[in-house]
Amino acid sequence: MNISTETAEVTPALRNDKRFRFTRLFKHNVSLTTGLILLIFLVLVAILGPLLTQHSPYETSPGDQYMAPSLAHLFGTDEFGRDIITRVIHAARLDLFIAVSVTALAFVVGSIVGSFAGFYGGWVDMVISRLVDVLLSFPAFILAMGVTAMLGNNLQNVIIALSVAYMPYFIRLTRAEMLKLRNAEFADAARCMGTSKVKIMLVHLLPNAIGPAVAQCTLTMGWAILDAAGLSFLGLGIQAPTAEWGVMIGNGVRDIFSGEWWTAFFPGIAVIVTVMTFNLIAIGVRQLKED
Amino acid sequence: MEPLLEVKNVKKWFRSGRDTVHAVNGISLTIHPGEVVALVGESGCGKSTTSRTILRLTDPTEGQILYKGIDISRMPEKQFRAYRSKIQMVFQDPTMSLNPLFTVKRTLSEPLRLQGIKGKDEIESRIIQMLKKVQLGPEHLDRYPRQLSGGQRQRVGIARALITDPDLVILDEPTSALDMSVKLSVINLLRKLQHELNASYLLITHDMNTVKHLCSRVMVMYLGRIVEAGPVSEVFANPKHPYTRALLSAIPVADPTTKKERIRLIGDTPSPVSLPKGCSLADRCPMAEPRCKERQPELQHLPGERMVACHLVEEMVSS
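Chains as they are written, first to last, in the working numbering: chain A, 1270 to 1560; chain B, -1 to 317.
The set of hints was computed from the structure by calculation and includes no laboratory data. Given the structure is predicted, the values throughout are model-derived calculations rather than measurements. Hints are not guaranteed to be accurate.
With the C-beta cut set under 8 Å, the calculated list includes, among others, these residues of chain A facing chain B [unchecked claim]:
(1) H1324
(2) M1395
(3) R1399
(4) F1455
(5) D1457
(6) P1476
(7) N1477
As a list, the in silico SDA-like pairs of lysine to any residue whose alpha-carbon atoms are at most 25 Å apart [as the list claims (entries may be wrong)]:
(8) K1466/A / G1480/A
(9) K1466/A / F12/B
(10) K1449/A / P98/B
(11) K66/B / R189/B
(12) K130/B / I185/B
(13) K1468/A / R72/B
(14) K1449/A / D57/B
(15) K181/B / S123/B
(16) K1558/A / T1303/A
(17) K131/B / N186/B
(18) K1466/A / R111/B
(19) K1466/A / K84/B
(20) K1449/A / E171/B
(21) K76/B / A1373/A
(22) K1466/A / W11/B
(23) K103/B / N1452/A
A virtual CB, placed ideally from N, CA and C, is assigned to each residue, including glycine.
Produce the entire structure from the sequences given, and follow the hints as far as they go.
Printed below as a string of structure tokens:
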């Protein structure tokens, strides 16, 4: 795209152009739009929700056990008479926190390690790539199960376990981009100026190589929610009585057979909606890149 | 006058599996201060590899590179960094040679920062000064490469190379990615800046018209060796080496009434993996004799500061 040299005229024109593209983008990219709206809703629920609920997530009420959904308890109550909607809303905070920290950790460490592998090549690449192969030979969830079983099951270890499980994808993506970029002429130009190798890698190349890894983040958020809930369900992650979707589903499963379906159903819906939100954004971002 | 740069018998071989690619096979050249020299030859003849070894983007397999008499080819990178700002390069494709995420200002401030200039105002004023020299203005400071035209991008590339006041600028086909109308203005700009800054240029190209326009001396390269060198006017008027003759006869002339005698070389360039024993042109040369296939001709001095590497050179001089 060529732009003429008259800045005074160009700048407002550019801005208009940008706004125009923004509205058009949302009309065409339904997945991204829906995903972002859902995400805003989820974030609002996580931030404001606990302030609006009437009950506490840990407040037991012996008289109100297993009450079916009603106006008093929209999602019903569980075996201790705790209000399920309150627990689902409180859990949103924890589960989104887990998803964000897992993804952030996997993204930051993964892309830096991947950069080293792609940029330096040789034995650095050999060692990193073989380790990645080892990690990838386990399904991510099994790997995370192993790590929590080894480190002990608390919040911090769940986050570590899941980020280790997702890191290989970030390493591979960044490594591949870095391989493409390391011979770019602008890297040579930086070297001619006397920029150090590490600085060329981190300042010049990494920001240009990060695109696919950023797109991967949205997918990873969805996986993290699902797998964190899965670990808790199996008793390897967050422990009862913490309000966490996986814990609630795990505890509620046995109630389904006795007819109290709501104890597992509503946290399950929360997981589905959240995972779908991130997958919609992921699809939207991919579509955005293809356009 | 002490030469600015001396390249002495530099060889660069690349390993490619079991094969060795002989990209540069013993090249020697000298550049004096303020001189504009062209290195011409077809794609794959080793022009770019030669320039990359001078810039220490790759290390030579053999040979020496002297900058003001100091061997820079074996120097540790840390020590060489002091010389980096003195030897600069303008790259072929300005779209690839500018970081797409850096504004013009950021691209141009990096070389100054690396020279130890800290003051924000000083950096900015030097950048604006430099932009003015390449006929761009302060309004371009905050533009990204994608917001500039091809010609403007290359001007930024030139500004980046010249902002540290280098003694030697290597121009690696600086106009081949530009279209015709922009090409001439960039060449004229390069010529103007050369007069102003009195830097030496090493122009790498296969465009003979640019050579004629910009350079005083030309070196012709074929398969990793220099086959002919001399002042541009004389080499163009009276080429000695059969390869140079063929190369020059291929320049298109914008006049349909001129009938030019076209010298065609038959066949392909030999593979740089297995170099021929004798002259590398022997298989394709219309004048080849049996001895050409036997022995590699050396570069010989001719009157008028010319050099040719050909066994038939005596006959040529007399003719």
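The hints, checked one at a time:
{"no.": "1", "hint": "H1324", "in the structure": "violated, 50 Å"}
{"no.": "2", "hint": "M1395", "in the structure": "violated, 18 Å"}
{"no.": "3", "hint": "R1399", "in the structure": "violated, 22 Å"}
{"no.": "4", "hint": "F1455", "in the structure": "holds, 5 Å"}
{"no.": "5", "hint": "D1457", "in the structure": "holds, 6 Å"}
{"no.": "6", "hint": "P1476", "in the structure": "holds, 5 Å"}
{"no.": "7", "hint": "N1477", "in the structure": "holds, 6 Å"}
{"no.": "8", "hint": "K1466/A / G1480/A", "in the structure": "holds, 21 Å"}
{"no.": "9", "hint": "K1466/A / F12/B", "in the structure": "holds, 22 Å"}
{"no.": "10", "hint": "K1449/A / P98/B", "in the structure": "holds, 15 Å"}
{"no.": "11", "hint": "K66/B / R189/B", "in the structure": "holds, 24 Å"}
{"no.": "12", "hint": "K130/B / I185/B", "in the structure": "holds, 16 Å"}
{"no.": "13", "hint": "K1468/A / R72/B", "in the structure": "holds, 23 Å"}
{"no.": "14", "hint": "K1449/A / D57/B", "in the structure": "holds, 22 Å"}
{"no.": "15", "hint": "K181/B / S123/B", "in the structure": "violated, 28 Å"}
{"no.": "16", "hint": "K1558/A / T1303/A", "in the structure": "holds, 17 Å"}
{"no.": "17", "hint": "K131/B / N186/B", "in the structure": "holds, 12 Å"}
{"no.": "18", "hint": "K1466/A / R111/B", "in the structure": "holds, 16 Å"}
{"no.": "19", "hint": "K1466/A / K84/B", "in the structure": "holds, 19 Å"}
{"no.": "20", "hint": "K1449/A / E171/B", "in the structure": "holds, 23 Å"}
{"no.": "21", "hint": "K76/B / A1373/A", "in the structure": "violated, 35 Å"}
{"no.": "22", "hint": "K1466/A / W11/B", "in the structure": "holds, 24 Å"}
{"no.": "23", "hint": "K103/B / N1452/A", "in the structure": "holds, 23 Å"}
In terms of the numbered hints stated before, the structure departs from hints 1, 2, 3, 15 and 21, listed from lowest to highest.
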